[in-house]
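K.L.:
This note's numbering puts the first residue of the sequence shown at 2, with every later residue one more than the last.
The set of hints was computed from the structure by calculation and includes no laboratory data.
No experiment lies behind these values; they were computed from the predicted model shown.
Distance windows between CB atoms, simulated:
hint : residue 1 : residue 2 : range
1    : 51        : 161       : 21 to 31 Å
2    : 72        : 161       : 19 to 29 Å
3    : 97        : 26        : 15 to 25 Å
4    : 55        : 149       : 37 to 47 Å
5    : 51        : 188       : 39 to 49 Å
For every residue, glycine included, the Cβ atom is placed at its ideal position computed from N, Cα and C.
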Amino acid sequence: MAPSSAREKIIHAAMELFWLKGYNSTSIADLLSRTQLNSGSLYHVFPSKQDVLIGVLEAYRDGIEEMLLAPAWGEIDDPIEKIFALLNAYRAMIVESDCAYGCPIGSLALELHEPDLQVRELLAHNFTKWTAAIELCIEAAGKRLPRGVDKVALAQFVLTAMEGGVMQARTHRDVAYFDRTIAQLRAHFDLLQATAKAKA
2 MAPSSAREKI
12 IHAAMELFWL
22 KGYNSTSIAD
32 LLSRTQLNSG
42 SLYHVFPSKQ
52 DVLIGVLEAY
62 RDGIEEMLLA
72 PAWGEIDDPI
82 EKIFALLNAY
92 RAMIVESDCA
102 YGCPIGSLAL
112 ELHEPDLQVR
122 ELLAHNFTKW
132 TAAIELCIEA
142 AGKRLPRGVD
152 KVALAQFVLT
162 AMEGGVMQAR
172 THRDVAYFDR
182 TIAQLRAHFD
192 LLQATAKAKA
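Start from the sequences, fold in the hints, and give me the full structure.
P.N.:
Written out as structure tokens, the structure is:
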């Protein structure tokens, strides 16, 4: 098997296992079992488990459009509705897993509370790319939102609401906690739009 295809196989398996079990609870044996590779093939591509983690985080970073945004947005053109369609994609993950699993990056960030510099930077970059996509939606909303709205802060607020809602839903095993959080976020956007309209 060519190293490139072995790498893809390992990354895909690690994404699933880190999401389902967490990084610390996933062993090299788990990866070998899931990929059906021998240890020599795995260590040839990734010398250590941490190298696998770095590969996973790079794959999430580089694949945000293909893996997350494009499937969530589909044919939606309205920039504000794109934001809530993305949030609904996370809701679907929560429901499909019976509230056991949520945002893969958020889960890793919580688990790896003292990561090394490279891992921390990759986690941060993943969050930054996520909020950058939301910022573009906010920018595209134009005059529907108040002039001078802090796009960076609003995008970070959306991320914080999503991650907090996911955590609450997982903790309580009840998607209603996520739904209430997103409903409040929707109300905030409605208020912003009403304010902009009143000042137009």
